[in-house]
Amino acid sequence: MKQGPVAIIECVQEIPCDPCVDSCRQGAITIGEDITQLPQLIEDKCTGCGTCVPGCPGQAIFVVDLNYSKQKALLMIPYEFYPLPKADSKVKALDREGKVVGGAKVLKVMNSKRNDRTPVVSLLVPKELAMKIRHIRF
Amino acid sequence: MREIEFGVIGGGPAGLSAAIEAAKCGVKVAVFDENERPGGQLFKQIHKFFGSREHGAGIRGIDVGTQMLEDAEKHGVEVRLNTAVWGIFDGPKLGISSDQRVSRVSAKKILLATGANENALAFPGWTLPGVMGGGAAQTMINIHRVLPGKRILTVGSGNVGLIVSYQLLQAGAEVVGLVEALPYISGYGVHASKLRKCGVPILTSHTVKEAIGKERVERAVIVKVDENFNPRPRTEKRLTVDTICLAVGLTPMAELAWLAGCEFAYVPELGGHVPVHDDDMQTTLEGVYVAGDLTGIEEAHTAIEEGKVAGIAVAEALGYLTSEKAHELKQKAWGHLDALRKGPFGQKRAEGKVKIKIKERRGDK
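Chains R and H are the protein sequences, given in the same order. In terms of the working numbering, the first sequence is numbered consecutively and its last residue is 138. In terms of the working numbering, the second sequence is numbered consecutively and its last residue is 1365.
Calculated from the structure, these hints are not laboratory results. Treat the hints loosely; a few may be bogus.
What the hints assert, rightly or not - Simulated restraints, written as ranges between beta carbons of each label pair:
#, chain 1, residue 1, chain 2, residue 2, range
1, R, V12, H, W1126, 30 to 40 Å
2, H, G1213, R, K105, 24 to 34 Å
3, R, T47, H, K1028, 44 to 54 Å
4, R, Q13, H, K1028, 37 to 47 Å
5, H, A1350, R, N111, 50 to 60 Å
6, R, V12, H, T1235, 29 to 39 Å
7, R, Q37, H, S1323, 32 to 42 Å
8, H, K1028, R, F138, 55 to 65 Å
9, R, T47, H, Q1067, 46 to 56 Å
Stated by the list, open to error - Okay, the calculated bits of chain H under chain R, using three or more residues with CB under 8 Å as the criterion:
#, region
10, 1057 to 1071
11, 1179 to 1190
Each residue gets a CB set at the ideal place from its N, CA and C atoms; glycine is no exception.
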């Protein structure tokens, strides 16, 4: 995987949907002519900024940086629940089936107007769990 | 008798879209809605919509609704709330009632955009308080901000069941599980994933067998089913729940179209009996148009585009648009509709829609 943060698109069904394309200011996501085609990421263009994370109505885009530090990876997830986690707090990390697989530290919570009420939580997670963790609980 | 140019029945996405489109061209439009608020189901859709980014995808339903109401006002659409249309007579004329008064309105053209009803599912205990439609639960949490219960079982894994379950979680309820009689999840995988990552079990090849409780639902009995949907012996499980949400499909609300005498077709993939129509969304009755879920269960964006087609066609028929301009605008909307009906999820609906077309598209002739 490319160095630094990069978007991970977990959109596997051909549904009529394409807002991710416009959510990316770098033009790194393409869908093609039919809006039912699956999104493709041009990794070289992706800066890992994470604006696509709240831009996906299906909450199927995450950002992962496997080279954040020696042991830790950075993970950005969409999180639409109240209360929001606090920066620097420790949270339980859940996998795609909602099972607790470890712990994570909240780096920050981004919730600007651009997020349109889909806050994005940046997490520090163990490297080996970065592709497993998709949700948190606390 | 009051005379209007274009009477729209139903102020949801299809009706509002048609009204806005026609009013933009100069048509005098009145929208009748029996509810106290306009917008149909839009204002309880707090999630970001899918669809094409050119047409409001990624925007929450509630914001789509707000924008449509602003547009309707801007273009001088009259919206009459708490007003039920109970009959359609030759002319066409509408029988309406509001403020406990009955009157008739004559309209040059009318659009039926009455939407759909939630299907029920009968099982022992289904009349207990606590058993409700998924849409009803959604109205409670997102419009009235009241939690229908604390421990919920959802029946049906279509998009409605998946979305409502997720929104119940957001509202603070626990969704104990979601059962689906089919051997697969019928809604979008991304909606299912949002539930799964929160730990909600989705049990395919399962259904609800019974609701148990004295005054209200206290427990639900679920059971595994075989490929013919027959319960498998010794697979029953009891769940402690106080609410059972039924999200087992929708049926077009076609009473007025029946009353008017529209010709119907039975198309199961569109939700049952639906009025046949041409490429202008006009039914077999001159001057009577249809759009939205009444013409087959789909979603808000297809309803909006169908409404657009009807609104343009009405403006054309009333002489507010040249046929060239109308043709161009309709082709555009039809292009969007085709795009929204592509892919494995849209294909069946697209095929169903072909069955209820009574004429070739004007552009194809």
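Does the structure break any of the earlier hints, and which numbers would those be?
Violated hints (numbers, rising): 2, 5, 9; every other hint is consistent with the structure.
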